[in-house]
Amino acid sequence: MDLAFIIASAIKIFGFTFLVVLPLVAYSTYAERRVSAVLQDRVGPNRVGIPTTLFGFKKDLKFFGLIQPLADGIKGLLKEDFTPAHVRKSFYWMAPAFTAAPAFISLCVVPFGSAVTIFGYEVKMVIADIGVGPLFIFAIASLSVYGITLAGWASNSKYPFFGGVRSCAQMISYEIALGLSLIPVLLFFGKLNLSDIVAYQASNGWLLLPLWNESGTLIHEGYWQNSSQQWLLLLPMGISFFVFTTSIFAETNRMPFDLPECETELVGGYHTEYSSMKFALFFMGEYAAMIVGSALIVTVFFGGWSLGFGLDSSLLQTAEGNWKWYAGFIHMGAFLAKTVAFIIFFIWVRWTVPRFRYDQLMKLGWVVFFELALFNIFLAALIMAAPHIGILNTFLFGLPALIIIALLMFFITKANEIKRKAKVT
Amino acid sequence: MPVFFYAFAAVSVIGAIALVCFRNPVSSAISMVGSFVGLAALFIGLNAYFVGIIQILVYAGAIMVLFLFIIMLLDLKAPSAFKRSSPLILVGGLIIPFSFVIQLSTVLSEVRGGDPKALPLQDAAESFYDHERDPDNQSEIYNSLQKKSLPDVNLIGLTLFGHKGDNASIRTPGYNFPLQIIGVLLLVATVGVVALSLKRKQSKSGGPES
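Sequence order for the protein chains is A and B.
With our numbering applied, the first sequence corresponds to residues 1 to 425, in that order.
With our numbering applied, the second sequence corresponds to residues 1 to 210, in that order.
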């Protein structure tokens, strides 16, 4: 471990966390309010700017309200930090940190750019380049359950406790679907290092958009003949993407699944008893988790920092196959743009889809997604292990299996419901 | 780095002591999570990333969450006062730590001093060279050993899922069959739990189902 490595890591940690992710958290709250305003035909926060009228100018500088998150932050810090008398003090204070910290920690394995060479020293644009990337994110993200659950328990009142217990059950259930849905992807890549996964996608096409290959050409003659397997794999990978994205919604307690803080039933959910900056920390934790989720989806399914469509090799590589000096910065921009696009997608879904009922949520997790992810592993393994049986045979085996499993699950849940109703009456 | 070892070992030990000392079950559960995290960090310090991460994912992230869930759901309170323990429990409580101390001292007496040497990973790569494949199309294990990083995930996969005699040049202990048997064992336990809990509900009967 040499000095250059330590300095580079310190700069990466500081720069990525404080100059990229924290502002991104702040501005996703702003984006949330503006996008929701657009969807509801309102204006949203467009006033807070620099109050130049205080210094004798005629007009305030408004900047479309871009200073709003800053004002919110100052408000959070200056408000009275009220601790109710009936709470369990130590856990009450620990819970917000337990929610916010895991989201920030898990960002350290996400590669946010290709390697940049500075003074002849190659710096990988990822804070921790470890061989268990996705598992690390799952492990640390699973610790964030404690924050919400403890917040609900420590508040020592009825509705926050319901919120805490709900989130505990919900996050455990969807962790299973989350982990299983990624297995076909890991089967395909054969490694768990996120940097390698992104580098592979940069040269061979994104997982959900395998349109180019090593030579960088979009589509060439032999491509369609040799890579039928690649196109066939789009089916399991698409299912993976669907299950994974939906589970991320549940894991981050975002809108269609935000039962832990469901206002119509639970007042404010697990953070009812919290005020000022402690409440803001829950808020930040939720948005940071959303950013981690978007970054992970982008990294695994949409090629991470790569520009795609063969542009990486044609525009940014020298003849010897090395990256040009500015390539790393363009890649960082591409990664940021993709992540922001997914954050907007998350926000869009929140203001479009109504909230699920709690039993519907659990049934969706355990009956639909769990089985779908399991079947998906089988399908992906079948396509990858037996390419010689051909597309037609794969479908001949795969589709009936899918239909049989779906029917089986449907009948099991129906039978359960009928039994339950018979017992009640 | 020894600094990190001592720091995380301290986290682990303090967590374990706090687990026993706290009266409040929730505090105990949280300190056990801290102990697990310290233990996982020690595994990672030994280059065993996979085991360390699984330690957090399974124990800290899943099992302890379920513990906490049950503690909260049943609203377990701290016991008001401990009963006087019988001398038999005291004897048992002395014998078990004593045997552990003997074991520990035996292990420590075997440890040789001096600085630890780096593992000869590149030499190890040669035993994973597959002669039936092209030189530039070798397995992930061979490639990462060549790059002097320990492919612990792939090695665990090979150990657990590899068939004996699959490939002459890559040796695997072939633990696939024992693994399947253990999987069936866990399934039996799960089915047993479901069967037991269903039976109790029926015998109670009376009110509508949960």
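Careful, some of the hints might be misleading.
[What the hints assert, rightly or not] Calculated cross-link-like contacts (lysine to aspartate or glutamate; reagent style DMTMM-like; alpha-carbon spacing at most 20 Å):
hint : chain 1 : residue 1 : chain 2 : residue 2
1    : A       : 89        : B       : 75
2    : A       : 12        : A       : 81
3    : A       : 79        : A       : 122
4    : B       : 147       : A       : 81
5    : B       : 148       : A       : 359
6    : B       : 147       : A       : 32
7    : A       : 191       : B       : 75
8    : A       : 124       : A       : 32
9    : A       : 191       : A       : 263
10   : A       : 12        : A       : 263
11   : A       : 158       : A       : 263
12   : A       : 191       : B       : 130
13   : B       : 148       : A       : 32
14   : A       : 62        : A       : 32
15   : B       : 117       : A       : 2
16   : A       : 12        : A       : 122
What the hints contain is simulated information worked out from the structure, not anything from laboratory work.
Computed from a prediction, not measured in an experiment: that's the story for all the values here.
Violations among the numbered hints: 2, 3, 4, 5, 6, 7, 8, 9, 10, 13
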